[in-house]
Amino acid sequence: MIVISISERFQKIIFDKSIHNLCRLLSIILLFILLNVSCQPTDTYEVRYNKCFENVKTIEFDMEGATKKGFGYTGFDAKCLVGSLLPFFKVTDINGDEIETKNLIGKVTVINFWFIKCAPCIAEIPDLNSIVNKYGKEKVNYVSFSNDSEHDVKEFLKTNTFIFTHVTNAKHIIEENFRLIWGYPSTIVVNREGRIVEIFQGSKLKNDPSISVTTAIDSLLAELLRK
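Just add 1085 to wherever you are in the sequence shown, counting from 1, and you've got the working numbering.
Any given hint might turn out to be false.
Claimed, not checked - Computed cross-link-like contacts, DMTMM-like style, restricted to lysine to aspartate or glutamate with a CA-CA straight-line distance of at most 25 Å:
(1) LYS1192 with ASP1303
(2) LYS1243 with ASP1182
(3) LYS1291 with ASP1212
(4) LYS1256 with GLU1235
(5) LYS1243 with ASP1178
(6) LYS1256 with GLU1139
(7) LYS1222 with GLU1278
(8) LYS1202 with ASP1237
(9) LYS1219 with ASP1303
To be verified - Each pair of labels, with its calculated beta carbon distance range:
(10) ASN1180 with PRO1205: 24 to 30 Å
(11) GLU1131 with ASP1293: 29 to 35 Å
(12) LYS1219 with ASN1245: 15 to 21 Å
(13) THR1177 with ILE1248: 16 to 22 Å
(14) ILE1144 with GLU1235: 32 to 38 Å
These aren't lab readings, by the way, just hints derived from the structure by calculation. What you are looking at is a predicted structure, and each value in this text was computed from that prediction instead of being measured. Don't be surprised by glycine CBs; every beta carbon is placed ideally from N, CA and C.
Between the sequences and the hints, there should be enough to build the whole structure, so can you do that?
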């Protein structure tokens, strides 16, 4: 009887200890989850973009000569992305050099979205070149993303000067990383810390069409480089 009693008591001690350890483990897991949720950055591009998209409505329209419907968006203000961190990307330019988001930090960065058949995109290229020539590449990165093929862009560059660093076949980056839905041309200016300071849509300022986007970029770069 004594042996049985000790055995039962020993089993109870082991059981109680197991329950105690389990409770401690569950508490640690719960604390980790709560800390992880509370520490999630709210200034990432993705988080900010999703917040911006809350009031967006999808518009369906007929496309001439097509059987499928077209879709557009209304209510999205790209300005709400200002202040967010640049989204992550890791790509290779047309010269075979790797470009990664983190490697842009330390310099001001100008990112231009364009494609060859976009007339306003092509029209602003000479002014973009003037900006590169004015500020140089020592303190500023200049990157372009195009959904055109590498071959087509290289052929274009044979007869057209565009002195940005070019990333081609960039449809997935444009649509998935930047989620660009506001049209072409578009230009994003990023500060040395990797935060977006301005997003320009089109080739003219929306609030003052008499001012070109390239003029506004010029002024913004002058301000950022003084800091």
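How the hints compare with the structure:
Our distance criterion of 25 Å between C-alpha atoms is met by LYS1192 and ASP1303, whose separation comes to about 16 Å. As the CA atoms of LYS1243 and ASP1182 are separated by approximately 20 Å, the hinted pair is consistent with the 25 Å bound. For the suggested pair LYS1291 and ASP1212, the alpha carbons sit about 18 Å apart, so the restraint of at most 25 Å is met. For the hint linking LYS1256 to GLU1235, the alpha-carbon distance of about 12 Å falls within 25 Å, and the restraint holds.
Straight-line distance between C-alpha atoms of LYS1243 and ASP1178 comes to about 16 Å, which keeps the hinted pair within the 25 Å bound. Simply put, LYS1256 and GLU1139 have alpha-carbon atoms about 24 Å apart, close enough for the 25 Å limit, and the pair holds. This hinted pair checks out: LYS1222 and GLU1278 have alpha carbons roughly 17 Å apart, not beyond 25 Å. As the CA atoms of LYS1202 and ASP1237 are separated by approximately 11 Å, the hinted pair is consistent with the 25 Å bound.
For the hint pairing LYS1219 with ASP1303, the CA-to-CA distance comes to about 9 Å; that is within 25 Å, so the pair holds. Range check, ASN1180 to PRO1205: Cβ separation about 26 Å, and the 24 to 30 Å hint holds. The hint said 29 to 35 Å for the Cβ distance between GLU1131 and ASP1293, and at roughly 31 Å that hint holds. Checked against the given bound of 15 to 21 Å, the beta carbons of LYS1219 and ASN1245, roughly 20 Å apart, stay inside it.
In this structure the hint that THR1177 and ILE1248 lie 16 to 22 Å apart at CB holds, the actual value being about 19 Å. The beta-carbon spacing between ILE1144 and GLU1235, approximately 34 Å, falls within the hinted interval of 32 to 38 Å.
Consistency note: the structure conflicts with none of the earlier hints.
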